[in-house]
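Fit chain to chain and form the complex, with the hints in mind.
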Amino acid sequence: MPRLEEYRALVGADTLEELYLLARPLRGRSVLHVNSTAVGGGVAEILSRMVPLLHELEIPTRWEVVKGGEDFYAVTKKFHNALHGDAQEVSPRDYQVYEDTLDQNLAQMDLGSDIVFIHDPQPAALVKKRQALKNRWLWRCHIDLSRPSPSVWEFLKPYVEQYDACAVSAPSFAQKLAIPQIMIPPSIDPLSDKNRELEPEQIAAILDRLHIPADKPLVTQVSRFDRLKDPLGVIAAFQKARAHVDARLLLVGGTADDDPEGAQVLQEVRQQAAGDPDILVLCLPPTSHLEINAIQRASAVIMQKSLREGFGLTVTEALWKGKPVIAGAAGGIPLQITHKFSGVLVHSVDGAAYWLKQLLSEPDFARRLGENGREHVRQNFLLTRHLRDALMLFHFAQDPSREMVRLG
Amino acid sequence: MPARAAEPFRFCSRLSLTVLTGAKAADLRELLEHLRAVPESVIYHHTHRFLQQHQHLVPEPPNDFAYWVTEILNDEEFGERLAAIDTVRFNSLEELRQALIASIEERLRNGCDSRPVPTGKEFHFMRAIRFSLLTEHEAWDLKGFSEGLRKVSISSLYLHIFEARLRPPLGINDFSYWFKTQLGETRLSEQVANLDPYTHTLEGLRGRILGFIDWRLKEGSHAAP
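Protein chains in written order, with the numbering used here: chain A, 1 to 408; chain B, 1 to 225.
Check before you lean on any hint, since a few could be wrong.
To be verified - Reference listing, derived: stretches of chain B covered by chain A, where coverage requires no fewer than 3 residues with Cβ under 8 Å from a Cβ of chain A:
#1 133–144
#2 153–164
What the hints assert, rightly or not - Some chain B residues flagged as far from chain A (calculated, every beta-carbon gap over 10 Å):
#3 R4
#4 A5
#5 E7
#6 A26
#7 P62
#8 T70
#9 E77
#10 D113
#11 L170
#12 Q182
#13 T199
#14 R208
#15 L217
Quick caveat, the hints were computed from the structure, so don't treat them as lab data.
Fair warning: this is a prediction, and the values are worked out from it, not measured in the lab.
Even for Gly, the Cβ is constructed at its ideal location relative to N, Cα and C.
Chain B with its partners taken away, still in its complex shape (with noise of 0.2 Å):
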């Protein structure tokens, strides 16, 4: 086990800021038309902003458009099969945004169209810009990333464990990739990226991976001769 990287691991923040497009659906054809048009940053917030929102509620809603199916047309058992697609295996927001669409598509064929909801209930289509912070935060090897990981925030910790899979390279949370490509860490490389990122809240989640990085520096001061 390299004891330092070449490249060290640099917490980044990600906060947004939330742009209201004007756009809403009342119904389910709407918001098809509204879904097939709208640029992918619309796609980003209303599949991500749960994530870093709430985090105090688990299970999280896990998109707004499956919510308002829900809560809104209550449409139950449509709204249960959004809630079904998994955000974080898509590679790209355009897989993200057709698996939505495929999904709605099926479901109006099927003869399952809603009447459009009354006036103040519509969904209101939203993007965001996104802000990436650079914090001071750096490690050169696990101890200096576990206290690294202490202090930054829970923003950081969406921008690397979610938000990371969506660019190259794909698939792939940022933690995971250093610990496997500058640390050799292969095993804490899987552990995290085996998490599901469902059932923790984020705060949940900084605590498992810590609980992982500090059972890994015990096990290595343990093998040290």
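Just chain A, same shape as in the assembly (with noise of 0.2 Å):
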């Protein structure tokens, strides 16, 4: 893993002094991160960067995973669902999996850390310990709650509201809440292997091994095969715009542990791209982070037509390449691209094929929406930012009536 210093040269000495100054009298004090999945999705992959540099600066930190069963992992897709504001059955049954299941974790986990960090609905509950454990707890939420579905909602507000702050990643993701409510978008490693600067002969040379023709314009969606990211959609998009330009389409994706959909919509779009040879489809293991790296850099446009969206990690990943990125204007994505300025916003499979068609038409504009992006995510949305929000929500959960937080 990457030390801090090597960040300098990206970021600037300033931000790395302020890492120091922010940390400087956090140190010693423990923390524990809780979450779902070692592996697949932002928030494994923002914990396996963000972890190593917290004990970088001196603060112990753990991160753990919870533990369920396939029945476990269904409800908590449900809830999932369920707070991006899709309508789903949850019956009584499966709160009390939900809860039988924490309560296992809660007597095997130790959660006596100075700050206990607690990401997502799965782990939500384990703050039923805190009473007695008398530290401080954060709700980190990374998922869309703009407009969330009140029964599922209603079961884990008394949780959320037994935290001392919670943390979103958009404005529009506030609920009326008795806890302080801090906003913290989140962020991408550039020097992490989905990230960092590749050599063109090392992106040829994936390409190659995964069988991608470099033949024409590649098209490149990056997501999880989930509904809420329409897949099918692209490809309805991708096709309307294929009358026009010629390009290959790339529908790149995985499933995460705690995902039971992704097989299914991974099959469903496997039958609808059937027999259109410029329209590729590929299952990598969560771990392909070079892959998804060189893929992003080869591609001309990348899409995330997302309907739902957390924050939008893969838009970020894509800016970041400086590539012109065509994304649902969903959950955190706005605050990423300002629509014909650093990228293109669209709500519609029509929206989406016409902004296709014009930059894979018009190259220079392109990369100037390219160039725009890579620099707002230099400024706002690097895992030193990032690291930078996580301290200062430290410092605030030790004494949430404070307005000014004056150190050295």
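See below:
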């Protein structure tokens, strides 16, 4: 894992100095992160980078994953979809499975750290142990909470309100809550295998190994096979645009441990793409970071036609690589893309098809979008900014009544 | 010109953590109601955030209210007027709040109400928890100041140039105040005070101030016996 000093050239010495200044008063305070999967998905990726850097700042940090059976993950997937606003049938038994699983985890997990940082709904109810431990608890919600299904939210809300504070990715995710809600957008690591610079030969070799021809401009969507990412809408948009431009569509994804729907959606995508030689569907293991990096860098246009989105880190990754991005105006994506300045925001298949045709036909305009997008990410969505916000959140949690915190 | 100040200039950094208040406005009347009631830290966030972010975008959108009125309410004329409210002219956040309120009240009196925006396009009120970090950089003379200014973050520039005006001594940035009171550098103090911060990015401001100091240092060395 890269050490903090390795970020100096990318983010500047001043940014690192601010991190050291923020971390100094927190030295020795222990932090525990808990989420629902060790690999796959944006949260696991962020934690895999964030945890070593917190250690380096002398803040002892552990990361644990809640354990559950298939029934637990089926329930939490329903929760996930419901909180995103999709109607779901959640039965009393589902709620019971959730409670029972977390009770089993509570019996086994050491939650005694000074700060316990819980990610997303899956482990949210662990907070019931807070009263006994008297430590600080923070809930990080990575998903779009702007239109949650009332029943699931009413179930989770009493748990959420037992935390000292919660953190969300975008202003529209704020809810009426009795605890402070902090806005912390997520981030990408510019030095990770998924985002670091690659030589053209490396990119070509990886594409060759994955049997991706380079004879036509590549239009790529990198996403879990999830209906909320609208992969079928991407295929439809591509097929419309292809009447005017020659290109190849690449749908690259995988499934995460906590996503039981993935295999079914992948099957639907394959059916839809069957018989079209210009559509490639690639299911890669969750560790294929270099491969994703190479594919994104080789692409002419990146799509992320999400219908609902937490933040949309695949958009951040593509912007960081200077790529023109066509994305659904959902969740945190509008925070990353200013329409026609640092990318394109769309609301429909027709809109996606129109802009795909435009960007493939006007490479100079597409390049300018990519350049602006990269600069926006450099300033706002790199790991060092995220780490800075996390450190400020730890200070805040110690005394949420302060409007001004003086350090040094 | 004193070679050395009696009190050093200590560079600080300003960072802020954004707190979502949960309050939101769907039209101009709701915007006004909330503006009257929110704490000053909310006014601060929505009028100063753009100065720290989007450093590569010039001209900057001067405040969130102007941006929302222009881009979401599609009231370009009124958005332009809100954008023209000179944030750094005010010596307190309360004065700035009153100026915003007066503008909106006038707009509403003239019968220019707006229809509520669709769900998802509301104005979300946020407040800032401010962090003040004392850096390791301090200066006792102009040369040391120049060295420090090259090293500190743009958050530090932001704090000493923009936010300094909101605390005593009111209406003057920290750099100008120190140049004048500690080094007797009246002209340099005025040059920095007269910079229009809206026409520069923070990096651009740093460059201009360093240019003034370099010029003054050269002038000083020529004047030396």
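### Reported absence of R4(B) from the contact zone with chain A (all CB gaps over 10 Å)
holds (23 Å)
### Message
According to the definition I'm using, a residue is off the interface if its beta carbon is farther than 10 Å from all beta carbons of the partner; does P62(B) meet that for chain A?
### Response
holds (16 Å)
### Message
Please verify that the nearest CB of chain A lies beyond 10 Å from D113(B)'s CB.
### Response
Non-interface label on D113(B) holds, nearest chain A Cβ at 24 Å vs cutoff 10 Å.
### Query
Against chain A, does E7(B) keep a CB gap of more than 10 Å to every residue?
holds (17 Å)
### Query
Checking the smallest CB distance to chain A, is E77(B) really beyond 10 Å?
The assertion about E77(B) holds, with a minimum of 22 Å to chain A.
### Message
Is the claim that Q182(B) lies outside the interface with chain A correct, judged by CB distances over 10 Å?
### Response
holds (21 Å)
### Query
A26(B): least C-beta distance to chain A exceeds 10 Å?
The claim stands: A26(B) keeps its Cβ more than 10 Å from every Cβ of chain A (closest is about 12 Å).
### Query
Taking the minimum C-beta separation from L170(B) to chain A, is that value above 10 Å?
holds (18 Å)
#### Entry: Reported absence of L217(B) from the contact zone with chain A (all CB gaps over 10 Å)
Label holds. Min Cβ-Cβ 23 Å, cutoff 10 Å.
### Task
Can you take a look at whether the segment 133–144 of chain B is actually covered by chain A? Rule is 3+ residues, C-beta closer than 8 Å.
Coverage by chain A holds for the segment 133–144 of chain B (4 residues, Cβ < 8 Å).
### Query
According to a criterion of three or more residues whose C-beta lies within less than 8 Å of a C-beta of chain A, is the segment 153–164 of chain B covered?
holds (count 4)
### Verdict on T199(B) as a residue remote from chain A, using beta-carbon distances over 10 Å
holds (19 Å)
The structure shown violates none of the earlier numbered hints.
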